[in-house]
Amino acid sequence: MEVANSRNHSSKRKFNDTVSDPPPPPSSKSNGLTNNNNNNIDLSLLEAIEKSQTAVEALDLRTLKKLVLSFERRLKENIEARLKYPNQPDRFADSELELHEELQKLKILAGAPELYPDLVNLNVVPSVVDLLSHDNTDIAIDVVQLLQDLTDEDVLDENDEPARVLVEALVENSVLELLVQNLHRLSDSDPDEMSAVYATLATIENLIEVMPSVAELVCEKTKLMKWLLGKIKVREFDGNKQYASEILAILLQSSTANQKRLGQMNGVDVVLQAVAMYKSKDPKSSDEEEMVENLFDCLCCLLMPLENKERFVKAEGVELMIIIMKQKKLAYGSAIRALDFAMTKYPPACERFVDVLGLKTAFAAFMGKIPISKKNKKESFQEELEERIVSLVASLFGGILRGSRRERLLSKFVENECEKIDRLMELYLRYSDRVKAETERLSEIELDDLEMDEDEKYNRKLESGLYTLQLLAVILGHLWCSEHSQMRGRIELLLRQNKLSKKHIKDILQEYHDNIGDIDGPEEKERAQTKIQKFLMAL
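full-length UniProt numbering numbers the first residue of the sequence shown as 1 and each following residue consecutively.
What the hints contain is simulated information worked out from the structure, not anything from laboratory work.
Among the hints, erroneous ones may be present.
Unchecked claim - Pairwise CB distance ranges, derived in the manner of DEER restraints: (1) E454 x E383: 23 to 29 Å; (2) A538 x E161: 57 to 63 Å; (3) S286 x E307: 52 to 58 Å; (4) K369 x S187: 29 to 35 Å; (5) M537 x E415: 27 to 33 Å; (6) N159 x N459: 31 to 37 Å; (7) E220 x R185: 35 to 41 Å; (8) R402 x E220: 51 to 57 Å; (9) E456 x K345: 24 to 30 Å; (10) Q273 x S187: 22 to 28 Å; (11) R185 x L61: 35 to 41 Å; (12) G403 x E383: 30 to 36 Å.
What the hints assert, rightly or not - The calculated lysine-lysine pairs, modelled on DSS-like cross-linking and capped at a C-alpha distance of 27 Å, are: (13) K525 x K457; (14) K503 x K531; (15) K329 x K260; (16) K314 x K420; (17) K412 x K281; (18) K345 x K281; (19) K436 x K360; (20) K281 x K328; (21) K260 x K328; (22) K436 x K503; (23) K329 x K314.
These figures come from a predicted structure and were not determined experimentally.
Cβ atoms here follow ideal geometry from the backbone N, Cα and C, with glycine treated the same way.
Please take these sequences and the hints and turn them into a complete structure.
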C-alpha cells in the first residue's frame with residue numbers, strides 16, 4: 001500500500017521573518033542624477049551604472065577565482081587573528097566582519113550554477129563547509145544561508161549535472177554532519193537563529209531533491225531524526241515546527257530503513273502524541289493544518305514495516321484514531337487513513353479495532369455519514385475517504401477469520417435490513433461503471449494505433465478505481481462464503497435488479513487473482529490467491 005496524498009514540491013517556501021521589505025526607490029533629489037530645466041542628465045553616472053550591471057551579469061571563471069581568492073584571504077586572516085588573540089574578541093572582530101562580507105559576496109554564484117564544477121575544482125567547498133562549526137554563530141548562519149541559496153530549487157532547475165557535482169562535494173566534506181551539529185546550537189528564542197533553523201531544513205530538502213540518497217545518509221550519519229522528533233513534540237505551533245514535520249515525512253516516505261530507524265527511536269509514540277493534540281480541536285490556520293497532514297503522513301509511513309504496526313497497537317494508536325473519528329474534527333479522514341495502514345495485513349490491529357468498539361464508527365463512515373466541513377465537501381476528499389474505508393473493511397475481513405469477532409463483523413451486514421449490503425452494492429456498481437468506461441476509452445486509444453502494453457493498461461484501470469472495485473468484490477466474496485442465507489439472498493437480489501450475475505463478481509476476482517504481485521513475498525501471494533480461489537469456487 002502506498003501513502004496517499006503524496007507530497008507536492010512546488011516552489012520552496014520562504015521564512016517570512018528573514019525577508020525584509022525592499023528599500024524604497026531613490027528620490028530624484030538624492031539619486032545622483034542632475035535633472036535641470038534643460039533635462040540634462042549626468043551621462044557619466046549612467047555609464048558607471050551600466051558598467052556595474054555588466055560586471056554582475058558577466059560572471060565567469062575569472063570572476064569566480066577572484067571571489068574565491070578574496071574569501072580564502074579573509075578566512076586566513078580571521079583564523080590567524082583568533083589564534084593570536086583568542087581571549088580578545090575586539091582584536092578579531094574586524095576580520096570576522098570582513099569574512100561575513102565575503103560570504104555574502106559568494107551568494108552571487110547562485111546566479112551561475114554552471115560554474116559549480118569550477119567552484120568544486122577550486123577546492124573552496126571544504127573551507128566553506130568547515131565554517132558551519134565556527135565559534136561565531138553568525139558566521140555559521142551566513143554559511144547556512146549561502147548553502148540554501150546555492151542549492152535552491154529555482155537555481156538548480158535545468159542544471160542537473162552542475163547541481164550533482166556541488167551536492168556530492170558538499171556531502172563528501174561532511175556538510176550533513178555539520179549542518180545538524182549547528183542546528184543543535186540554534187535557538188528559537190532568537191529571530192536570526194530561528195530563521196537559520198528554517199534555512200538549514202530548506203538546505204537539507206534541497207540536497208535530497210538533487211541526491212535522493214541523502215535522505216538515508218543524513219539519518220545514518222547525524223542525529224537529525226532525534227532533533228525533528230523533539231521539534232514536533234513541542235505544543236506551540238510555529239513555522240519551524242511545520243517544516244520539521246514536512247522534512248520528517250520526506251525522510252520517511254521512500255525509505256524503509258528510515259521508517260524502521262524512527263520506530264526504534266520511539267518515533268511511533270512521539271508522532272501519536274503530536275497528532276493527539278488535535279483529537280478534539282482543529283488547526284487554527286492553513287499552515288497548521290498542513291502540519292497536521294504532514295504528521296499523519298509520517299504516521300502512515302511509519303506503519304508500513306510490520307514491527308511499527310505492533311508498536312502502534314501497543315501505544316493504543318487504534319484507540320486514538322477511533323477517538324479522533326468520533327470527535328469529527330478536521331483530522332477525521334486522516335485517522336481513517338492511518339487505521340487503513342495499521343490494519344492492512346496485520347490481524348492484531350484488526351482484532352484490537354473490534355475489541356474497542358470501532359465497528360460502529362467505521363461503518364458510519366462506510367455508510368457515508370461523515371462530518372461536513374469545508375475540506376470534506378471536496379469531491380476528491382470524499383472519494384479518497386470512500387476508498388480508504390473500503391480498504392479498511394476489506395482488511396477487517398482479511399484479519400478476522402473466525403470467532404466472536406468475525407460474527408460481530410458479519411452481523412453488521414445483516415442489521416437494518418441489510419443496509420450495508422445495499423451500500424456495498426451501490427459502491428460496487430459505481431466503481432464498476434468507472435472501470436468499464438476507462439476500459440472502453442483504452443480500447444479506443446488502441447484503435448487509434450497508439451501502443452500500450454498490458455501492464456500500462458492495467459495500471460490505468462487501477463487509477464480509475466479498479467483496485468477499490470476488487471476490494472469490494474473481495475468483501476462480497478467473504479459475505480458469500482459465510483453461507484448466511486439472508487446475505488446471499490440480498491446480494492443475488494441486487495445483482496438481478498441491476499442485470500448482473502455472480503459471474504461479474506467472479507471476473508473481477510479472477511483479474512485480481514491473476515495480478516496479485518510479489519511485493520509481500522511468495523508466501524503472502526500464495527495465501528491471497530488461495531483465498532480468492534476459494535471465493536471463485538463458492539460463487
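Violated constraints from the hint list, given by number and in increasing order: Going through the list in order, the structure violates hints 3, 4, 7, 8, 15, 16, 17, 18, 19 and 21 and respects the others.
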